Structure formats: C-alpha cells, structure tokens
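*Asks:* Taking the hints into account, I'd like the entire structure generated from these sequences.
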Amino acid sequence: MGIGTYLALASVLFGIGATGFLARRNMLIQLMSIELMLNSVNVVLLAFNRAYPANHDGQVFAFFVIAVAAAEAAVGLAILIAYYRIKKTLDTDDATLLKY
Amino acid sequence: MHLEAPQQILLLLIILFPLGGAIINGLLGRYMAKGLVTLVGVGSVAVSFALAVASFVELYGLSHDAEHAALAYHFYEWFSLKLPGGTVVPVNVQFLMDSLSGVMTLVVTGVGGLIHLYSIGYMGEDEGYPRFMSFLNLFMASMLILVLGSSLPVMFVGWEGVGLCSYLLIGFWYENRDYAAAGRKAFVVNRIGDFGVLIGMFILVAVAGSFEFAEINAAAVGGEFRPDFPILLFGVAPSLATVACIFLFLGCTGKSAQIPLFIWLPDAMAGPTPVSALIHAATMVTAGVYLCCRLSPLFITSEVVMSIIAVTGTLTALLAASIAVVQREMKKILAYSTVSQLGFMFAAVGVGFFAAGFFHVFTHAFFKACLFLGAGSVMHAVHAHGDADIFKLGGLRKQLPITRWTFLASCLAIAGFPLTSGFFSKDEILLGAAAQIYRADNWLTTSVGWFTLIGLTLAAVMTAFYMFRLYFLTFTGEYRSADQSGDHPYDAHPHESPPSMTIPLVVLGIGALGVGFLGLPHVMPITGTHLPSWWSHWMHASVAGQPVPEEMGVVNLASGLAFGAMAIGISAAWLLYRNKSTDALTNKIPARLYQLAFDKWRVDELYAATIVNPIKNVATAVGHADMTFVDALMTKWPSFKVRETGRILARLQNGVVQMYGAVMVVGVVVVLAWFWTPHSRIEAAFEGTQVELTTPAGLGYEYRWDANSDGEFETQWERAPGTRFEYSHDDVRGVAVFLGNAASGIERRIEVTEEWSPLPIESVIPEESLPPRVMGFEVRVDGEELLFRQANAPVGPSGRQEIRLPMGRDGRLGPARVFSRPLVEATVEVRNTFGNMRRATKEIALPFPLGAPSHASLIQPAREVVR
Numbered sequence: 001m002g003i004g005t006y007l008a009l010a011s012v013l014f015g016i017g018a019t020g021f022l023a024r025r026n027m028l029i030q031l032m033s034i035e036l037m038l039n040s041v042n043v044v045l046l047a048f049n050r051a052y053p054a055n056h057d058g059q060v061f062a063f064f065v066i067a068v069a070a071a072e073a074a075v076g077l078a079i080l081i082a083y084y085r086i087k088k089t090l091d092t093d094d095a096t097l098l099k100y
Numbered sequence: 001m002h003l004e005a006p007q008q009i010l011l012l013l014i015i016l017f018p019l020g021g022a023i024i025n026g027l028l029g030r031y032m033a034k035g036l037v038t039l040v041g042v043g044s045v046a047v048s049f050a051l052a053v054a055s056f057v058e059l060y061g062l063s064h065d066a067e068h069a070a071l072a073y074h075f076y077e078w079f080s081l082k083l084p085g086g087t088v089v090p091v092n093v094q095f096l097m098d099s100l101s102g103v104m105t106l107v108v109t110g111v112g113g114l115i116h117l118y119s120i121g122y123m124g125e126d127e128g129y130p131r132f133m134s135f136l137n138l139f140m141a142s143m144l145i146l147v148l149g150s151s152l153p154v155m156f157v158g159w160e161g162v163g164l165c166s167y168l169l170i171g172f173w174y175e176n177r178d179y180a181a182a183g184r185k186a187f188v189v190n191r192i193g194d195f196g197v198l199i200g201m202f203i204l205v206a207v208a209g210s211f212e213f214a215e216i217n218a219a220a221v222g223g224e225f226r227p228d229f230p231i232l233l234f235g236v237a238p239s240l241a242t243v244a245c246i247f248l249f250l251g252c253t254g255k256s257a258q259i260p261l262f263i264w265l266p267d268a269m270a271g272p273t274p275v276s277a278l279i280h281a282a283t284m285v286t287a288g289v290y291l292c293c294r295l296s297p298l299f300i301t302s303e304v305v306m307s308i309i310a311v312t313g314t315l316t317a318l319l320a321a322s323i324a325v326v327q328r329e330m331k332k333i334l335a336y337s338t339v340s341q342l343g344f345m346f347a348a349v350g351v352g353f354f355a356a357g358f359f360h361v362f363t364h365a366f367f368k369a370c371l372f373l374g375a376g377s378v379m380h381a382v383h384a385h386g387d388a389d390i391f392k393l394g395g396l397r398k399q400l401p402i403t404r405w406t407f408l409a410s411c412l413a414i415a416g417f418p419l420t421s422g423f424f425s426k427d428e429i430l431l432g433a434a435a436q437i438y439r440a441d442n443w444l445t446t447s448v449g450w451f452t453l454i455g456l457t458l459a460a461v462m463t464a465f466y467m468f469r470l471y472f473l474t475f476t477g478e479y480r481s482a483d484q485s486g487d488h489p490y491d492a493h494p495h496e497s498p499p500s501m502t503i504p505l506v507v508l509g510i511g512a513l514g515v516g517f518l519g520l521p522h523v524m525p526i527t528g529t530h531l532p533s534w535w536s537h538w539m540h541a542s543v544a545g546q547p548v549p550e551e552m553g554v555v556n557l558a559s560g561l562a563f564g565a566m567a568i569g570i571s572a573a574w575l576l577y578r579n580k581s582t583d584a585l586t587n588k589i590p591a592r593l594y595q596l597a598f599d600k601w602r603v604d605e606l607y608a609a610t611i612v613n614p615i616k617n618v619a620t621a622v623g624h625a626d627m628t629f630v631d632a633l634m635t636k637w638p639s640f641k642v643r644e645t646g647r648i649l650a651r652l653q654n655g656v657v658q659m660y661g662a663v664m665v666v667g668v669v670v671v672l673a674w675f676w677t678p679h680s681r682i683e684a685a686f687e688g689t690q691v692e693l694t695t696p697a698g699l700g701y702e703y704r705w706d707a708n709s710d711g712e713f714e715t716q717w718e719r720a721p722g723t724r725f726e727y728s729h730d731d732v733r734g735v736a737v738f739l740g741n742a743a744s745g746i747e748r749r750i751e752v753t754e755e756w757s758p759l760p761i762e763s764v765i766p767e768e769s770l771p772p773r774v775m776g777f778e779v780r781v782d783g784e785e786l787l788f789r790q791a792n793a794p795v796g797p798s799g800r801q802e803i804r805l806p807m808g809r810d811g812r813l814g815p816a817r818v819f820s821r822p823l824v825e826a827t828v829e830v831r832n833t834f835g836n837m838r839r840a841t842k843e844i845a846l847p848f849p850l851g852a853p854s855h856a857s858l859i860q861p862a863r864e865v866v867r
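Listed in order, the protein sequences are those of chains F and S.
Read in the working numbering, the first sequence has 76 at position 76, and its numbers run on one by one without any break.
Read in the working numbering, the second sequence has 802 at position 802, and its numbers run on one by one without any break.
Read the hints as simulated data drawn from the structure, not as lab findings.
Any given hint could turn out to be false.
[Unchecked claim] Simulated restraints, written as ranges between beta carbons of each label pair: (1) F:I86 - S:R719: 50 to 60 Å; (2) S:S763 - F:L9: 54 to 64 Å; (3) S:G835 - F:L9: 12 to 22 Å; (4) F:Q59 - S:G711: 41 to 51 Å.
[Claimed, not checked] Here are some of the chain F residues that sit facing chain S, going by a computed Cβ distance under 7 Å: (5) A18; (6) F21; (7) L22; (8) T92; (9) T96; (10) K99.
What you are looking at is a predicted structure, and each value in this text was computed from that prediction instead of being measured.
Note that CB positions come from ideal geometry on N, CA and C, so glycine has one too.
*Replies:* In structure tokens:
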C-alpha cells in the first residue's frame with residue numbers, strides 16, 4: 001500500500017473533523033471534531049514516518065500530538081463545564097461575551 | 001601653554017579649601033553640630049586667606065626682580081579645540097596670580113572671610129545655616145576660579161559659578177515667592193550677558209588662536225585685532241576688537257549691573273544681608289570691571305568701545321544715584337548705590353584709567369561691604385525682616401555705637417571725604433575723565449570726556465547726598481519705632497550686635513578709611529608735589545591704561561570737582577535730614593518726579609512692555625499652536641485613525657466560533673496548495689573547473705539535472721539536491737560582458753551589440769572620481785573581439801585610440817575593468833511526493849575562460865545571471 005492511501009484516509013478524516021467543527025453548534029461535538037482533525041494529522045505523520053523512517057521523526061511527533069491533544073481535551077472540557085454552569089447551554093451562538 | 005612663571009600649588013589650594021568646605025557643609029552640614037559647620041565654613045575661607053597672603057608675599061618678592069611678575073599653577077589640560085585651519089588650541093585649567101589677580105584674590109578672601117565671620121552672628125539662628133555656609137563657600141571657590149583663571153574658559157567657569165551661587169543665595173529663603181522670583185530674575189538677566197561673553201570669547205580665540213589672557217593681550221598689542229570684522233554692522237565695518245569687546249562688555253553689563261541689564265541687582269537684595277555685602281557689592285558684581293582690566297590691552301585698542309563703556313558707566317552712575325536719592329529702605333539705597341559706584345568704575349575703564357577703576361573696586365569692596373554689614377546690623381538690632389524702612393528708624397547712634405561709627409566711616413569714604421579711601425579712588429576717576437578731555441584729539445573722545453566728567457560729578461553729589469540722608473535718618477534724631485505707633489513698627493528696644501558681627505564692621509570700617517593711601521595721586525592738587533603711588537606702580541605690571549596727566553590745571557579741576565561734589569552733597573543732606581523724621585525732599589521737587597524716581601524710573605515696566613511681555617505673548621501663542629495644531633496632528637489624528645481602523649477590524653472578531661474555524665480551514669487549504677507542487681531555483685558555486693549546482697531541498701523531493709540544458713538529463717532521479725558538472729567548450733551558449741570596479745569589486749553586466757554604444761563606466765565608478773581620459777568610451781563587438789574607443793576624440797592614428805580585447809580576456813580602462821565570461825545554461829527538474837513536477841532553468845556565467853564557441857552568437861540579451 002502506497003503512502004497515498006494513508007494520506008487519502010487522513011484527508012477524509014480531517015475533512016469530517018473540519019466539517020463537524022464548522023457545521024455543528026454544540027461545543028462538545030466541536031471538541032470531538034477537533035480531536036478527529038488532530039488524529040488525522042497523526043495518521044499523516046505515521047504515514048510519512050513509514051515512507052521516510054530515518055529517525056522516526058513522524059512517530060515521535062505523533063506522540064507529542066497525542067499528549068497535547070489529551071491536555072487540550074482536559075482543558076477544553078473544564079472550560080465547557082464552567083461555561084455550562086454559567087449559561088446552562090453549550091450552544092456556541094450564545095458564547096459572544098468577548099465579541100468586540 | 002605653560003606660563004614661564006614659578007609653579008605655585010598654593011593657588012590651587014586657595015580654591016580647593018572653600019570648595020571642600022562647600023562640599024562638606026553641603027552634604028553633611030545638616031548632620032553636623034553648628035560649631036562644626038562654622039569651623040568648616042569660616043575656617044576654610046580663613047585658611048584660603050592665609051594662603052592668598054602667602055602667595056601674595058611671594059609674588060611681591062618676585063616683583064622686585066621682574067617687571068611682569070606672576071605665579072602660575074598648571075593643573076591639567078581640560079580639553080582642546082580645533083580651529084578651522086587646523087590650529088589646535090588647548091584649554092588648560094591653569095591658575096595665574098599676577099598683580100591684578102593677586103589684589104583681587106586678597107580682596108575676595110579677606111573681605112569674604114570677614115563676611116563669613118559676620119554670618120555666624122547674622123545667620124546662626126537660621127535653620128538653613130549649613131546650607132547658607134555651603135553656598136557661601138561655593139561662591140568663594142567660584143569667585144577665586146574667576147579671578148585666578150589664566151584663560152577665558154576657566155574664568156567663564158567661575159563666571160557661571162558665581163552666577164549660580166548668586167541665584168541660590170538671592171533665593172535662599174525660597175519659601176517666599178518674591179525672593180525666589182528675584183533669584184530667577186538675576187539668573188535670566190545674567191544669561192543675556194553670558195551669551196555676550198561666549199560670543200566675545202569665540203571671536204577672540206578665532207583671531208588670537210588662544211584662550212589665554214596673556215596671549216590675547218599680546219595679540220591685541222601686536223595689532224591682530226585691527227582688521228575689519230567680516231560682517232557689516234549698520235553699514236560700517238568695525239574692527240575685530242570693537243566687535244569682540246562689545247560682546248564682552250555686554251557680559252560685563254549683566255554681571256556688573258550696568259545699563260541695560262542692571263535691573264536684577266536691586267531685586268537681589270532679597271537675599272540675606274551678608275550675601276548682599278559679599279556678592280552684590282564687594283566681589284561678584286565687580287567681575288565685569290575685573291574682566292575689562294584683565295583684557296585692558298585689548299579694550300584700549302577700540303576707541304568706539306571705550307566710549308560706549310564710558311557713556312554707559314556714567315549714565316548708570318547717574319540713573320542709579322537718582323533712584324537711590326528717594327528710596328526708603330536701607331538695602332535698596334545701598335543696592336542702587338552699588339549700581340551707581342559700578343558705573344563710576346566702568347566710566348574709569350572707559351576713559352582708559354583701568355587701574356583707577358580697579359582701585360575703586362578695591363576701596364568700594366571695603367566701604368560698601370561695611371555699609372551692607374552695618375545695615376544688616378541695624379536690621380538685626382531692630383528685628384527688621386527683608387529690609388528696613390529708614391523712616392521707621394532714627395536715633396540708633398545711642399543703641400548701636402559700633403555700627404554707627406563704622407557706618408559713618410564708610411559713608412564718609414563713599415562720599416569722598418578727604419583722606420578716606422573713596423576720596424582717592426573717586427578723585428582718580430574724575431582725573432581720568434578730565435585727562436581724556438585734555439588728551440582728546442577728536443570730537444568723540446572730547447565729548448565723551450566732558451560727558452563723563454560732568455555726569456560723574458553730578459553722580460558724586462547725589463552719592464554724598466543719599467548716603468548721608470541714609471546715615472542721618474538712621475542714626476540721628478529719635479528712634480521712631482520706640483513708642484510702637486505707626487504701621488508695623490520695629491522692635492522697641494534695639495541692641496548692639498554680637499562681636500562676630502561688630503569685629504568685621506570695625507575691620508572694614510578701618511579699611512574704608514585707610515586703604516586709600518595705597519593709591520595716592522601722582523601729583524598733589526594745589527601744591528603740585530609728586531607723590532609715590534604704590535597702586536598705579538603695582539598695577540602697571542598687568543593692566544594697560546592711558547597716561548596719568550601731571551598738568552596742574554587738570555589735577556586741580558578733578559580734585560576741585562570731587563571735593564565740591566562731596567561738600568555740596570553732605571551739606572544738603574545735613575540741612576534736610578539731620579535730626580529730622582520726614583522726607584523734606586518731597587517739598588523741594590515736583591511730586592510726580594519724586595514718584596517717578598521712587599518707582600526706579602519705571603525701567604522694569606519699560607522692559608516688561610517692550611521685551612518681556614512680547615516674548616511672553618509669542619511663547620503663549622506658540623504654546624497654543626503646539627496644543628491645537630501640533631498635538632492635533634501628531635497625537636489626536638493618529639489616535640483617531642488607529643481607533644477607526646480598530647473599529648473596522650473588530651468586526652472580524654464577531655464571536656462566531658464557526659467563522660474562526662472556517663478561516664483556519666482556508667489557511668490549511670492555502671498551505672496545502674503551496675505544497676501540492678514542488679518549488680525550485682538553481683544556485684551555482686565554482687570549484688576549479690567544476691561547477692556545483694544546488695537547489696534548496698524539500699521534504700520528499702527528488703531531483704534530476706540537465707546541467708547543460710541540452711534536453712538530456714545527466715542524472716537519474718535522486719534524493720540529493722545537488723550535482724557537480726564540468727562544462728566543456730561545446731556547452732557554451734554565448735558570452736556575457738561585464739564592467740567592474742577593480743577597487744570596490746562592484747560588477748555589472750552590460751549589453752554589447754555590433755553597433756557602437758557608450759560604455760557606462762559611471763555605473764560602477766563614481767563619475768567625479770573618473771579621470772578625464774577614461775570618460776566617454778564606446779564599445780562594440782567585432783567578430784570574436786570586443787572593441788573600445790574614445791567617444792569624443794577625432795578619428796585617426798594619433799587621435800582616437802582603439803583597444804581590442806579578445807573574448808574571455810580581461811582588460812583595463814583606467815580604474816574600470818572589462819571582462820567577458822562564457823555563458824552556460826542549467827536545468828533541474830523536481831518531483832515531490834504527490835508526483836507533481838516542476839522545472840527551473842538558469843543561465844550561468846562561468847568565471848573561467850572556455851574559449852569562444854564557434855557555433856553560438858556572441859551577442860546575448862542582458863539578463864540577470866548567476867555568477
């Protein structure tokens with residue numbers, strides 16, 4: 001299997017994530033979409049690592065991405081809970097307090 | 001310059017002691033006991049006086065052997081100045097004691113020391129006593145630098161230093177707004193004069209090539225200041241000496257309170273009385289006279305300036321005396337008296353009697369200091385603050401005997417009573433004016449002489465009158481504040497001052513009576529006996545001047561006028577004021593005239609209307625323009641624009657998370673599009689006859705090279721982003737011609753055709769540095785050679801030269817270098833991970849010859865090539 005297949009898979013994943021992020025209004029869903037996009041990047045990194053395995057840069061980077069994504073998810077969920085306590089909703093259309 | 005005089009370190013110590021005292025009292029005084037402050041403040045000046053006496057004795061010893069005896073101390077070279085023309089003028093911190101500065105040093109340290117002593121009693125109770133002592137010591141140090149400095153810049157340091165101390169001490173009681181304003185006024189008015197000193201100094205150094213007084217005077221004697229000033233003033237060309245001296249004299253009018261800058265001195269009485277005595281009577285205000293004497297050989301060369309000085313001095317003497325006649329307050333009267341006496345000194349300078357003018361400085365230091373200290377003693381006795389109204393005093397001869405007798409002695413001296421010091425010095429000044437009339441050979445000097453003589457005589461009458469008016473109203477009659485009636489009466493029970501105040505009074509009073517015998521007249525009036533004048537003999541060593549006349553007519557005229565003026569003035573005061581309590585003068589002269597004189601002829605108001613207020617108005621207008629126009633343009637308009645832009649950009653921050661996400665996705669797409677196709681360019685490096693071709697590397701790229709662009713790739717697809725190639729004769733596609741600058745390395749490709757076209761040498765070599773024979777070359781290609789010829793010379797074997805340069809060879813055209821290079825072309829093809837490909841092609845000029853190819857055209861369009 002060539003690298004193109006993996007890249008195609010990653011593109012599809014990223015597209016689904018981006019579409020979900022743009023189309024949905026629920027912050028929880030959007031957070032999940034972001035996770036999807038991050039993981040599509042991981043697929044790309046691993047695919048290239050397979051093609052150019054010299055120093056395993058791709059794998060190392062993928063670990064970084066997973067770690068950062070976990071942290072990001074924790075912080076993001078905390079924000080969501082705090083936000084929900086104030087607003088009793090998770091709709092992004094209502095999150096306009098800091099708008100100009 | 002090192003003077004050829006014995007080096008004497010005492011001169012430095014004379015200055016350093018008061019300076020050290022100022023530093024110690026200034027920094028630590030507030031933490032020290034009062035006794036210690038006194039010890040440091042007065043002790044340092046006493047030591048300084050002792051050192052001054054020691055130096056003077058040594059100088060006196062030297063003066064028997066040499067005509068121009070002097071002591072000097074070269075401290076260090078401060079900086080040096082490069083004049084246009086290359087002369088380097090060193091500015092040395094060097095101190096010089098000759099006959100002039102020696103006497104002045106003694107006066108400054110001696111009288112200054114007595115006034116320091118007096119300050120113990122007068123200022124001891126003031127909470128700012130350490131500060132006062134510190135300022136006073138700083139003044140002493142500055143004044144000594146002024147006096148002892150051997151060059152103009154060093155003197156100017158002292159000149160500014162005494163100005164600073166004057167400002168600090170006038171505004172000593174700075175809580176009082178009027179006093180602080182008086183200090184500011186003194187400082188600002190003096191700035192005008194200081195500007196004049198600076199300009200004068202620059203003219204002097206430009207002509208004489210030195211800052212040293214000795215060398216400037218030597219240059220003046222040598223006639224170096226005789227040429228005309230290069231700028232016309234009022235349509236005439238004055239001599240250099242005239243212009244320089246006018247500016248210097250402007251400085252003197254500021255420092256020594258002459259018309260037009262005298263207005264600060266009466267206000268300066270806001271300071272404590274010892275300050276008035278020391279700075280504004282005895283020493284600092286005489287600095288202008290000192291400067292004129294110091295540069296007397298220069299001043300005397302300009303008849304115009306001498307006349308200006310004489311007239312200014314006389315007018316000042318008259319104006320100030322007329323104001324003093326009607327004032328009510330002790331220190332005000334003494335202040336105008338000082339201005340008037342300074343006018344006498346300048347009048348003496350103006351008629352060429354520098355030594356006489358300086359003798360008046362010397363005697364005036366004694367009697368005027370004594371008068372001020374006496375006034376201070378009176379104010380101390382009656383607890384008058386600021387100044388004392390003489391119409392509330394009277395009869396103080398009983399309570400203040402010592403003050404009374406010393407005050408009387410000084411009044412006699414300033415009035416010119418026979419055999420007192422003022423008698424001899426004033427007589428000598430009037431003699432100078434009379435001598436000028438006798439000597440004069442043109443209308444200017446004659447009329448100036450008459451004007452000076454008559455004006456000074458009138459001023460002398462007024463001097464005697466107002467001084468004895470002051471004396472009689474203060475010390476005779478009954479004490480008018482005794483019954484405590486009237487408006488703000490003084491203390492009902494005045495008392496004599498403590499010894500620290502009376503001792504200086506006695507010493508100065510004796511001086512006021514006695515020091516005149518140092519300057520006996522050359523010829524005694526009436527009898528015609530020749531007398532030995534120690535003063536003029538002593539001053540002759542360092543001060544120039546007109547000869548003293550010995551004709552009996554002149555001598556008798558001057559003495560008669562001096563004596564008559566004194567007699568009339570004292571008699572009139574006796575009649576009008578002895579044992580009186582009111583101002584009888586109000587009945588004798590018109591009320592409006594009296595009021596006008598009392599208002600100081602409204603000079604301050606005149607200046608306010610003509611100079612101060614217009615400047616203030618301009619400043620206000622400029623300030624408004626700054627606030628409305630400049631501030632609007634520079635701050636309000638940009639901030640408005642920033643706010644506007646911000647408002648527009650803030651729309652992007654619309655709070656819709658999906659919008660932010662969409663922008664991000666668009667960014668991702670753009671980045672992806674960039675990476676979709678590979679990017680490439682070629683760089684070439686040369687190593688021997690091999691060329692190393694490289695292209696920037698990219699992740700996942702593969703490269704193949706067609707180094708000679710013949711359509712066949714020399715390499716397979718490779719991961720490495722470079723290759724080496726050796727070009728052969730057949731790869732060459734043409735020739736590029738370059739023009740270079742051999743010196744700077746600038747190179748530029750030029751276009752060459754088979755037609756003659758100008759060679760643009762100026763593009764690599766600045767036109768002004770081209771030798772004429774190189775300019776105007778034309779170039780063209782002729783077969784396999786380059787041809788150069790001069791563009792503007794006639795054709796022929798002797799005229800137009802042609803240079804032939806085979807292709808690939810270097811040639812020189814003066815500073816320019818012409819050379820040709822073989823051109824090759826390289827191509828690289830790049831393929832990325834997505835399988836997309838791109839080509840890059842580049843022309844390369846090889847830096848080594850390969851010989852001209854037979855198949856390629858030599859003429860190439862000028863494109864940028866890799867070299």
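*Asks:* Now tell me if each hint is right for this structure.
*Replies:* The hints, checked one at a time:
no.	hint	verdict
1	F:I86 - S:R719: 50 to 60 Å	holds, 56 Å
2	S:S763 - F:L9: 54 to 64 Å	holds, 60 Å
3	S:G835 - F:L9: 12 to 22 Å	holds, 18 Å
4	F:Q59 - S:G711: 41 to 51 Å	holds, 43 Å
5	A18	holds, 5 Å
6	F21	holds, 5 Å
7	L22	holds, 5 Å
8	T92	holds, 4 Å
9	T96	holds, 4 Å
10	K99	holds, 3 Å
Checked against the numbered hints given earlier, this structure breaks none of them.
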